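Colleague: Protein sequence lines correspond, in order, to chains B and G.
The working numbering puts the first residue of the first sequence at 1, with every later residue one more than the last.
The working numbering puts the first residue of the second sequence at 1, with every later residue one more than the last.
In case anyone wonders, no lab produced these hints; they're calculated from the structure.
These numbers were taken from a predicted model, which means no experiment stands behind them.
Accuracy of the hints is not assured; some may be wrong.
[Said to hold, decoys possible] Derived contacts from chain G toward chain B, CB cut-off under 8 Å, selection only:
1. T170
2. P172
3. R293
4. G295
Ideal Cβ placement from N, Cα and C applies to all residues, glycine included.
2 protein chains.
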Amino acid sequence: MVQLKTNLDLVNECDNFPYPDIPFAQCLPSESYFKFKLEGCIAALGYVLPEVAQKLSSSPEWERNNASLELTFKPSNTPSDPKEAAAHRTAVLARHLQNVREAKTFRILDGWRNELYPVYGPGRELLFSMERSASALFGIVTYGVHMTAYTRNAEGMKLWTPRRAPTKQTYPNMMDNTVAGGLSTGERPFECLVRESMEEASLPEDIVRTAHACGTMTYFYVRDERAGGEVGLCQPECQYVYDLELPESVVPQPGDDEAVDFQLLTVKEVQSAMAAGRFKPNCALLLIEFFVRHGIITAENEPDYLEIVSRLHRRLEFPMGQV
Amino acid sequence: MVQLKTNLDLVNECDNFPYPDIPFAQCLPSESYFKFKLEGCIAALGYVLPEVAQKLSSSPEWERNNASLELTFKPSNTPSDPKEAAAHRTAVLARHLQNVREAKTFRILDGWRNELYPVYGPGRELLFSMERSASALFGIVTYGVHMTAYTRNAEGMKLWTPRRAPTKQTYPNMMDNTVAGGLSTGERPFECLVRESMEEASLPEDIVRTAHACGTMTYFYVRDERAGGEVGLCQPECQYVYDLELPESVVPQPGDDEAVDFQLLTVKEVQSAMAAGRFKPNCALLLIEFFVRHGIITAENEPDYLEIVSRLHRRLEFPMGQV
Numbered sequence: 001m002v003q004l005k006t007n008l009d010l011v012n013e014c015d016n017f018p019y020p021d022i023p024f025a026q027c028l029p030s031e032s033y034f035k036f037k038l039e040g041c042i043a044a045l046g047y048v049l050p051e052v053a054q055k056l057s058s059s060p061e062w063e064r065n066n067a068s069l070e071l072t073f074k075p076s077n078t079p080s081d082p083k084e085a086a087a088h089r090t091a092v093l094a095r096h097l098q099n100v101r102e103a104k105t106f107r108i109l110d111g112w113r114n115e116l117y118p119v120y121g122p123g124r125e126l127l128f129s130m131e132r133s134a135s136a137l138f139g140i141v142t143y144g145v146h147m148t149a150y151t152r153n154a155e156g157m158k159l160w161t162p163r164r165a166p167t168k169q170t171y172p173n174m175m176d177n178t179v180a181g182g183l184s185t186g187e188r189p190f191e192c193l194v195r196e197s198m199e200e201a202s203l204p205e206d207i208v209r210t211a212h213a214c215g216t217m218t219y220f221y222v223r224d225e226r227a228g229g230e231v232g233l234c235q236p237e238c239q240y241v242y243d244l245e246l247p248e249s250v251v252p253q254p255g256d257d258e259a260v261d262f263q264l265l266t267v268k269e270v271q272s273a274m275a276a277g278r279f280k281p282n283c284a285l286l287l288i289e290f291f292v293r294h295g296i297i298t299a300e301n302e303p304d305y306l307e308i309v310s311r312l313h314r315r316l317e318f319p320m321g322q323v
Numbered sequence: 001m002v003q004l005k006t007n008l009d010l011v012n013e014c015d016n017f018p019y020p021d022i023p024f025a026q027c028l029p030s031e032s033y034f035k036f037k038l039e040g041c042i043a044a045l046g047y048v049l050p051e052v053a054q055k056l057s058s059s060p061e062w063e064r065n066n067a068s069l070e071l072t073f074k075p076s077n078t079p080s081d082p083k084e085a086a087a088h089r090t091a092v093l094a095r096h097l098q099n100v101r102e103a104k105t106f107r108i109l110d111g112w113r114n115e116l117y118p119v120y121g122p123g124r125e126l127l128f129s130m131e132r133s134a135s136a137l138f139g140i141v142t143y144g145v146h147m148t149a150y151t152r153n154a155e156g157m158k159l160w161t162p163r164r165a166p167t168k169q170t171y172p173n174m175m176d177n178t179v180a181g182g183l184s185t186g187e188r189p190f191e192c193l194v195r196e197s198m199e200e201a202s203l204p205e206d207i208v209r210t211a212h213a214c215g216t217m218t219y220f221y222v223r224d225e226r227a228g229g230e231v232g233l234c235q236p237e238c239q240y241v242y243d244l245e246l247p248e249s250v251v252p253q254p255g256d257d258e259a260v261d262f263q264l265l266t267v268k269e270v271q272s273a274m275a276a277g278r279f280k281p282n283c284a285l286l287l288i289e290f291f292v293r294h295g296i297i298t299a300e301n302e303p304d305y306l307e308i309v310s311r312l313h314r315r316l317e318f319p320m321g322q323v
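Using the sequences and the hints, build the whole thing.
Modeller: Here is the structure:
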């Protein structure tokens, strides 16, 4: 007999880094993490597990301070021009991470992507970029797009819901949002959405351009076994959220090896699958946000409404930026 | 020449209680406030200005601790049954506030409403209720409903926008949201919306019941001169947000003395009035939330998009509840 999850359970599975008034049993207290810093920049850019900080700080461009719990990246000979400085830091970091990868120090780098993710400073300036698969080692904020495509007729609303391929490195076989993807350095959210919609769901550009932006969803995820790689790594995330109402004649189709198929499910069917834990955790969170926005989850039917809506928009304690 | 306000300026005017990384010049640091507590309950229920704590603690059912900065309400002979306890606390507090009102200790109590607002505990239980006009003295969370009524045709979207009467105690002559109202103890959000829509805008019940819930907006407001009463009082607020698309034939009309008229304005006209500072601060915030949700404010046209969306959903540090 499976214990059904409430919507707040689903939020707690994805936004599971401690708050001042909410500890999470499976997670270290927030003050136990090393702050990931860049020399000359006052802000913490991410949180690093103590054993990860230990292993990362073996080369001279790193300084680990066990008293202040800071892991500081200090590449030498950084140019003064901001753009050149960012390129220099990116190159030094890439060499370091390539060495770490070859030494097989961290399992999470087995999922090497050859894709660069941006790291922003307090003035929202691009400080440098980092190989995507390393982002959780440093606990930096990552950015993505998530879109829900749905149909609506007299019988109600239905959502296009893919099943992840059994061969995916992360969360194989779980249910997913219609389209989702990560934002590389320099990529604009809407353009990323258009590209991913074609790649993942074979949705034509002219249709996807009718999608509308609905805000962002932010949460602070601490990785568990299902995510693969080391457990306890920090993953604060910001998702740009889009809705796309489709005519019933448009049917998403897998365009790459991400999904095995797309099912058109009623709201009830989606909610049952969420409660049964069949959705990838952050996709369940996005669906909660969608249902709140569309008046399906309301104060009248959800006792945790107030807590849930704030938790979907967590203010992250790191600088954030956008292209 | 008026300095135009950005959307982030408007957010900063309404969500202006300090964050760990954002001080606000016109506001005390958060650690300077007294915590409003109830004997036997661990959570702070609100924040109280030091001079207000001083004046409130003159009678025996109050204890002021200047070392721990706590103002604790400890009515004697509280019954053990939770409902009876709540009624007892409410009555003791009402007597105290009536005395304070008659002594003319606080200007804000000149706006006495004879309306009770709920105060919830950490288990979301109703602890007691408090006269509405006193809520900012104790800095408790207050709850309300806000609805945007709009029309949509080939030319685009227009919003129904009232102007507040020049006789209003607070924010006279400023622009407002179509319908807004506070939630008294025991009142359900949607029923409050139906009642207020008739009272304020003469909108018939059958039409208002087609409105849809879109989530909540939470922010922490520190009162300034325009709010009336003492400056620097804390007002953490939670607004239940609703959208109502109206046919062009339905025209809201003032039903009481809240508004002088309703204007049907284009998105551009509303945004210009916001930038000119013509909207009541929390109404500007609600409109920003509406424009984000409807894809009018996007990552592509708003440099502060990420900051704004989180700030519209601040997680308040006090227990919150709902009926």
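Colleague: It remains to establish, for every hint, whether it holds in the given structure.
Modeller: Hint check results:
With 8 Å as the threshold, the beta carbon of G:T170 stays out of range of chain B, its nearest partner Cβ sitting at about 25 Å, so the hint is violated. Interface hint status for G:P172: violated, as the beta-carbon distance to the closest one in chain B is roughly 31 Å, over 8 Å. Given hint, G:R293 at the interface with chain B, holds; its Cβ is 5 Å from that chain's nearest Cβ, closer than 8 Å. This hint holds: G:G295 has a C-beta 3 Å from the nearest C-beta of chain B, less than the 8 Å allowed.
In the structure shown, a violation is registered for the earlier hints numbered 1 and 2, in ascending order.
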